[in-house]
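**Q** Using my numbering, you'd call the opening residue of the first sequence number 4 and step up by one each time.
Please keep in mind that the hints were generated in silico from the structure rather than gathered at the bench. Mixed in with the good hints, there may be bad ones.
To be verified - Ranges of calculated distance between the beta carbons of each label pair, as one might list FRET restraints:
| # | residue 1 | residue 2 | range |
| --- | --- | --- | --- |
| 1 | Glu268 | Gln314 | 22 to 28 Å |
| 2 | Gln309 | Leu351 | 46 to 52 Å |
| 3 | Thr490 | Glu268 | 22 to 28 Å |
| 4 | Asp467 | Glu304 | 48 to 54 Å |
| 5 | Gly84 | Gly178 | 32 to 38 Å |
| 6 | Gln314 | Glu58 | 38 to 44 Å |
Think of the CB as a built atom: it goes at the ideal place given N, C-alpha and C, for glycine as much as any other residue.
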Amino acid sequence: MENITKKKVVTRFAPSPTGFMHVGNLRTALYTYLLAKKNNGTLILRIEDTDKEREVAGATEHILKVLKWIGISWDEGPDIGGLNAPYTQSERLDLYKKYAEKLIKYGLAYPDPYSESEVEEFRKKADEEKKPFLFREHRPMTFEKWDGTKPLRFKVPELKVYHWHDLVFGNLSAGHEALDDFVLIKSDGYPTYNFCHVVDDIEMKITHVIRGQEYISSIPKYLSLYEGLHVDPPVFVCLPHIMGKDGIKKLGKRDGAKDSLEYKEDGYLPEAMVNFLALLGWHPSDDKEIFTMKELIEAFEVERIQKSGAQWNDDKLNWINREYLKKLPTKEQEEYVEKFIPRNLKDLHEYNRNIINKITPIILERIKNGKDIIEMAKNAELTYFFGKPNYQKDSLFFKSSKISQENKYEILSSYLEKTISLLSNIKDSDFNKENVKNTIWSYSEEVGRGDILWPMRYALSGVDKSPDPFILAEILGKEETINRLNTAIKILKI
RNA sequence: GGCCUUAUCGUCUAACGGUUAGGACAUCGGCUUUUCAAGCCGGUAAUCCGGGUUCGAUUCCCGGUAGGGUCACCA
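With these hints in hand, go ahead and build the complete structure from the sequences.
**A** Here's what the structure looks like:
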């Protein structure tokens with residue numbers, strides 16, 4: 004904590020390009036960003052690409068894309084450079100080698116004399132005995148010279164119980180079992196994460212290391228490495244996991260954690276995502292729920308991050324997304340809706356070029372995300388805006404009625420005719436929902452609201468569920484409204 | 001199995017050791033609307049268990065229980 008106030012905060016987000024970036028990583032990035040910004044600090048983006056086998060082409064670009072989408076910016080990174088360049092670990096191999104040699108000189112690193120299968124045997128045996136596997140129990144008495152063909156291992160300088168302070172989890176400690184002779188440099192010449200992230204954090208003068216809580220049990224290893232290197236460790240900040248929807252397992256790629264960009268494609272606004280992610284494991288000192296990034300930076304306190312894992316909650320995300328959708332400027336709302344209206348509907352569009360702008364408000368009332376628009380389209384809840392409704396004579400008019408069975412079609416026809424004549428009196432330019440309602444209202448009261456309003460609504464939409472007939476009439480316009488009413492009458496008379 | 005760690009409504013969470021345990025999402029009900037949605041109003045719903053410490057524990061301590069993490073030439 005002292006470090007926050009005394010030293011300029013330098014922190015980093017350090018993903019591995021091993022696939023898409025899921026929302027768990029994204030939250031880590033967000034909290035890292037917030038911590039940096041809150042303290043007027045520096046955020047470094049570092050690409051940890053030392054596992055050449057798992058590396059996925061294009062993953063780095065993908066990560067950058069996700070971060071930019073969400074509105075996270077960094078002060079130094081592979082794309083923009085900086086004082087500590089390069090920011091991709093595979094370009095920093097000489098540095099790790101230098102540190103490795105230093106450790107060899109101190110007598111704290113040695114080549115692993117065993118073959119992979121031999122180590123595998125040790126591990127299996129430990130497993131059978133239900134004991135933790137500790138390589139140091141197999142440490143050779145004398146160290147060979149390292150020729151780079153064998154993995155280089157760290158020799159734990161001193162077996163002791165480490166105590167440290169985590170900004171989220173508080174005072175932590177670990178037993179001797181947490182300490183082991185881990186691999187520094189693999190036989191392919193690349194360093195392990197355990198080693199090179201420490202080297203980079205030292206070289207880049209990182210003051211705060213933020214990462215998931217799965218690293219807690221490894222921290223004693225890092226502490227022993229810092230000690231071996233005679234460097235003070237940074238402040239550690241471990242984040243609780245995001246749990247899957249079942250609330251049991253941590254959210255990971257294997258358990259179906261989604262690519263962050265999928266949320267973008269599904270129509271979640273970046274602001275909503277930021278807001279949701281921020282609240283998933285962190286809480287302000289008051290009950291505020293909706294935050295802009297700026298407000299988040301203002302309010303963010305690491306101390307208020309939760310210790311226990313939070314379950315992913317689509318309902319809440321949807322709610323937040325809706326809140327942001329409602330606040331969007333009209334122009335952007337229209338673009339949003341337009342984007343999700345399926346092609347086939349746009350192609351049907353016959354009578355009004357500006358239809359999307361007109362239906363935007365009523366669509367926004369009914370959706371939580373872009374997927375919902377696609378869903379509505381699938382359920383024909385939108386079709387009638389773009390093409391002629393497909394009437395079902397027998398399904399609809401029945402619903403209205405207290406009208407006697409024998410001549411109900413005739414009666415309904417007369418109602419519709421009267422409706423048309425009333426609407427015809429409205430001037431084209433005044434044909435809006437208020438005027439339509441005012442014109443029809445007293446008549447509908449007289450006859451029975453349902454008997455007038457229901458058939459009218461159905462005549463305009465052709466479906467059971469739709470917005471009210473007044474707004475429908477406004478959107479369709481006078482001509483089309485009367486057209487459709489006439490069509491309905493024709494059908495009734497068949 | 002060892003080590004580490006966590007525990008408040010279904011979910012996310014708030015609460016200097018003293019509150020009718022608060023808010024939000026979800027859910028349920030009402031109003032509105034003869035459809036759907038939205039909106040407004042209201043309701044149901046929680047301190048894991050057992051011991052301490054204390055005049056008083058959600059809060060502090062210990063033990064249990066349950067959950068999570070980790071024990072790689074992955075990060």
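**Q** A separate judgement is required for each hint: does it hold in the structure or not?
**A** Going through the hints against the structure:
1. Glu268 x Gln314: 22 to 28 Å: Given range 22 to 28 Å: holds, Cβ gap about 23 Å.
2. Gln309 x Leu351: 46 to 52 Å: Taking Cβ atoms as reference, Gln309 and Leu351 lie about 49 Å apart, which means the hint holds.
3. Thr490 x Glu268: 22 to 28 Å: 38 Å, violated
4. Asp467 x Glu304: 48 to 54 Å: 51 Å, holds
5. Gly84 x Gly178: 32 to 38 Å: Taking Cβ atoms as reference, Gly84 and Gly178 lie about 43 Å apart, which means the hint is violated.
6. Gln314 x Glu58: 38 to 44 Å: Once the Cβ atoms are compared, 31 Å apart, the range 38 to 44 Å for Glu58 and Gln314 is violated.
Hint compliance for this structure: hints 3, 5, 6 are not met, and every other hint is.
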